[in-house]
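*Asks:* This is what each chain is made of:
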Amino acid sequence: MTKQQANWSPYDNNGGTCVAIAGADYCVIAADTRMSTGYSILSRDYSKIIQLADKSLMASSGFQADVRALQKVLAARHLIYQHQHNKQMSCPAMAQLLSNTLYYKRFFPYYAFNVLGGLDSEGKGCVFTYDAVGSYERVGYSSQGSGATLITPFLDNQLKSPSPLLLPAKDAVTPLSESEAIDLVKTCFASASERDIYTGDKLEIVILNASGIRREYLELRKD
Amino acid sequence: MFRNQYDTDVTTWSPAGRLFQVEYAMEAVKQGSAAIGLRSKTHVVLACVNKASSELSSHQKKIFKVDDHIGVAIAGLTADGRVLSRYMRNECINYSYTYESPLPVGRLVVQLADKAQVCTQRSWKRPYGVGLLIGGLDESGAHLYYNCPSGNYFEYQAFAIGSRSQAAKTYLERKFETFVDSSRENLIKDALFALRETLQGEKLTSSNCTIAVLGIGEAFSTLDQETVQRLINEFEVVGEDPPAEASAAPDQSDGAEPGPAAAAAAAAADDDDQETPAADQGAAPMDI
Amino acid sequence: MNNLIGSDADSQRTLYPYVTGTSVVGIKYKDGILLAADMGGSYGSTLRYKTVERMKSVGKHSIIGASGEISDFQEIMRYLDELILYDNMWDDGNSFGPKEVHNYLTRVMYNRRNKFNPLWNSLVLGGVKNGQKYLGTVNMIGVHYEDNHVATGFGNHLSRPILRDEWHENLTFEEGVKLLEKCMRVLLYRDRSAVNKLQIAKITEEGVTISQPYSLKTFWNFAAFQNPTVGAEGSW
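Residue numbers (my numbering), protein chains in the order written: chain U, 1 to 223; chain B, 1001 to 1288; chain X, 2001 to 2236.
Chain U with its partners taken away, still in its complex shape (with noise of 0.2 Å):
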């Protein structure tokens, strides 16, 4: 029997787009729930964002399975935390968990595209950006995975953010109100999931402030 399948792979990239944007006392992060293989789309309703503590959010594109894992781990290692420190992590601590937890598997990675939002300890919007193997930087806005590279250029005009080799350093967090920092994600997916067959079917905005947290849906283009 001549070989029929292509060389099997233990990956998949199953696409979609996340973006965060940090301001002085808010959070937006945002994702679309479209979740494909190839050019066949899975599912048009599968949310990559999840509440990791009270304070912090990830949300992840890449390969699903790997995906999930990872929350899988981060969620149980918060347990752990609970029940150690009897409080709930804070959104840098977990950057650091994120960070050495796909580190762990360096050399057979997860193959997942995370961005973590939050406020700190002190009430400030923060966002941290990371590479599949746990490279990570805290910034003011990020965008990862397969609409990245059209949202990211679009988010450096539009907010114009201090050159991060300042010398003394400036603040990170965006000059944006609450709301135009969710009509700027609204407009950013908008025009991802016109070009991007991986984005689209539905945007999920979470958004985190003093108050607590809220989320808002935009249809995007199901083609």
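If you're looking for bench data, these hints aren't it; they were derived computationally from the structure.
Cut-off 25 Å, straight-line C-alpha distance, at most; resulting in silico cross-link-like pairs (SDA-like, lysine to any residue):
#1 105/U <-> 1096/B
#2 1061/B <-> 76/U
#3 87/U <-> 1089/B
#4 1065/B <-> 75/U
#5 105/U <-> 2116/X
#6 1065/B <-> 85/U
Based on the hints, put chains B and X in the right spot on chain U.
*Replies:* Just chains B and X now, with coordinates in the frame of chain U:
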């Protein structure tokens, strides 16, 4: 030289068919400050007495959250209790990692009992010196279990362990039939009253007790001090001296169920010299 | 024998499937879940087996349907039967529902892919427990999701567009079967591995029923079927 020929090793039987080391471990449970548990159809309440070992120290934590749906109150060696609590927390985390659903309480209790049992059958181990009241909720309802160092476990409607727990047990035995349909508040109230019985004259305040609740739609949590104090005031539990009926605790002639076990516990409760658990009298205390 | 590609131990791995089943289609309907799968077992492009049961019950509350390597599916059934046996042995009023089984399967599939030794299947898991309908899927590398309708293999290409058009929450049993038969008929026409002998499985709060094998009415007299190259100049 030795008080007993058969008590130097956990795995050595006495001719009477007893394992003294295991029974001594059960004694450790009776020495610890009291812990009680009671349940209705929908809720479980755990409560314990906090005793500081010295004027200068704080008390040790005796109630632990295992998961949202399971909590535990301990009496005996707190250090052993913490180890077992950590084991249970791990089991819960691993189970929900695999199945994304909560570990059924009864199954955790059996795993824990099996773990305790191993220590009664290995020459290089010692039994855990702690009794655990495990309260939990699963699809078959609310449960309360008692796990002891021998590896035995029992399910209860209400139970008390630790020093002077007989008084609380008497209170609970008198009222347990009402618990099934009890409200959350009434369950806490009965917990406080039962707890007061173990104090024998000492005043019940929010600083010498801990109360924890879990139930349908309510994750396990220990009540904060202000809430406990408010409840104590509200129910007027304080009472310097216990009511007459309650102080007659060890009288169990009317008790329907208290068997030799309760008698053994009662005997031990106020007994200073417990090292010789009267080798030949009554059933082995392991039965409880 | 060792070489650069791998040792003897590596030859234990499934590098490609031998006997395979094609699509499984599943939908939620008013009272529960319906699954459909044909009974062909292909050896490459040879139709090697014609009575392969690709849907099985898992305990009281779940059913599983499998496409891909049949031997791996039978291995999975051994895991699941053991899981359910041990669950029943507790005899304590708790039992695994479809959600638990689906999560367990996902862990099994993902762990095997982590060991570069996959179970070569796409699985559909359906069930009802405590009035809650559940329908999910997982594949050989651990990708999994829940939906109102799912399909594996060609089913994802050919059936799901139909389901997206015609599926709704309140399908009756008869409507559900009709819809699945429509999907299976399209697959039969266009998926060369599909055979005209299928089963439909139903799960409700009352339990599992898997139908006897039966076949669909087909119509092959379309002009395009009889002379596919007519009107396509230069084609052979």
